[in-house]
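Visitor: Chain order of the listed sequences is F and W.
All residue numbers for the first sequence refer to the numbering used here, where the first residue is 122 and numbers rise by one.
All residue numbers for the second sequence refer to the numbering used here, where the first residue is 771 and numbers rise by one.
Do not rely on the hints blindly, as some may be mistaken.
Computed Cβ-Cβ distance ranges for the label pairs, DEER-style [as the list claims (entries may be wrong)]:
{"id": "1", "chain 1": "F", "residue 1": "K359", "chain 2": "W", "residue 2": "T786", "range": "41 to 51 Å"}
{"id": "2", "chain 1": "W", "residue 1": "T786", "chain 2": "F", "residue 2": "N152", "range": "19 to 29 Å"}
{"id": "3", "chain 1": "W", "residue 1": "G846", "chain 2": "F", "residue 2": "N184", "range": "19 to 29 Å"}
Since the hints were derived computationally from the structure, they do not count as laboratory data.
Predicted model, so just to flag it, every value in this text is computed and none were measured.
Backbone N, C-alpha and C fix where the C-beta goes; we use that ideal spot for every residue, glycine too.
Below, each chain spelled out in residue letters.
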Amino acid sequence: MNNYKDIELIENFRSGMLNEQEQITFNERLNSDSNFKELYDDFFESEKLLQLKELWAVKEELNKFDYSIGEENGGSKGKLWWGLSVVALISAGSIYFMTAKDNKYVNSEIIQKKKDSEVKTENSSKTQAEVLFSKRKPVLKATLSAEKDNRGKEIQDTVTFYDLKIAEEPQLSEKIISVEEYKCDEPPKADVITKGSCPDENNGVVIIKSIKGSYAPYHILTDSVGKYHNKTEFRGLKPGRHLFYLVDNRECRTSLPVIIDKIECVKDEMVSHKPIQNYLIYLPGQLWKVPLTGKRGILEILDQRGNVILNQEILKDENDEWAGLDVYSREVDPGVYFYMLKEEGLKDKTGTITVFK
Amino acid sequence: MPEIANDIDIIQLIRTDKREQSIAILYNRYYPKVKAYIRSRGGSIDDAKDIFQDAVLKLYLKVMENKLNESGNNIGGFLMQVSQNAWIDKVRKDKRLNFTDSIGDAEFELSSNDNGFLSILSRENNQIIEDVLSSIGEKCKELLRLSIFYSLSMKEIAARLGFSGEESAKTQHYKCKQKLINVYRENHYLKDVLRGGNNE
């Protein structure tokens, strides 16, 4: 549905470009036209998506700074802060050189290391490898490099720093020369099937299926810091919003927001499901009353060998009595018979009937 | 780095989408003051960081919503007042102190709605928004963010995004706005989050 004209009108209203009469007409329409009012509300609310995205970018920019500046034992950190400030001011993607000893490393794990490559020049040889680090956080990609002169002496003593937290201090022969957040160019995809929850029963279901793309194996995360699950079916969910993440082997994740609807559930009637034992029928003339709860059901009667001797629709007060006849209206032999009664929205009823002659 | 003369220039940097520059200046100029305040009252570096970041986000929000008067307000005062209020709130919540202090006459109009809105801000929600907005296309996103939040004229936007002229950019703006409304209407989760004003 396209409402360009109305969108233009709301835009002009916001910009104060409507004259007095137009404003009156605008307000009257807001009060009388519910579709227009809805468009008006969505017009402003939808902008909040962009606003949040913008603020998140600001937050990420803010996270690049060192907030411990000026603290005790913070000499190297001070240097780092100064450096990072410069980085932020120069431009995105600028390179900041500092010595490896200024870095802080925390536990992480290397999840992929590409083959080393060696570049030889007249005076030196440079070995370089690309490594992916992760510890259930966005993956960081680092390029490790070592440069030695022709006598085997290390000549490179610099490292690029970009808000890096990685596993181990690089070996002497390996220096990190650039680090960037691994880009999830192709996040995994999946279909989500939901089943609503009955009120107060918390029995909603989410099934994540047809997972594809990106790098297997995949995991499902139920919240941002929660446990990684191998299963793809989640039961016992309460009505409301739930957030799942599909995470691939490189930590690329796709959010799967779902809403479990509150659904009205047909309650099973409180009926006894105990088999009705030893029901007696004296033929001819005596009838067995089919235990129908509602107005209609399907009755199936089997003999002890499992042969179906009757399978028919039963209507209340019409044919809800059995006279011991099979589907061909022949009298059945004496013995024990099993029955199953199916009614829509109710649990099946089962039991036995004993026929005497 | 060019010397920034005053707060008006910072607001202008924000309004003209110079995010990196404006934040670096805000950090260099005002974080030490906020940190000194928080540290002197027993707060940690993390407290100072969180409070300063929230204050900057609120500043951005004010500028984006055009609620920060360029000539009337000063950024340092705004950031300090927001930070002081946030610290007092935190102390009250942590029940670490019996606080009877209050910040003097509020020079700035600070809305508690801002806190609710900022509480939605999370990596998870950002990812969802990113996913949703990807369907309207990069150019549309850029056009909308520049036209809605920053004081760039349609002429400037047209030049920046390669439209043939002001009218073309304007028409495209309405089409993009329609797309944005459509994807928003389709996403009940985000509607719920935005209307609820909080994060699960």
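Visitor: If a hint holds in the structure, say so; if it does not, say that too.
Guide: Hints versus structure:
no. : hint                          : in the structure
1   : K359(F) x T786(W): 41 to 51 Å : holds, 47 Å
2   : T786(W) x N152(F): 19 to 29 Å : violated, 38 Å
3   : G846(W) x N184(F): 19 to 29 Å : holds, 22 Å
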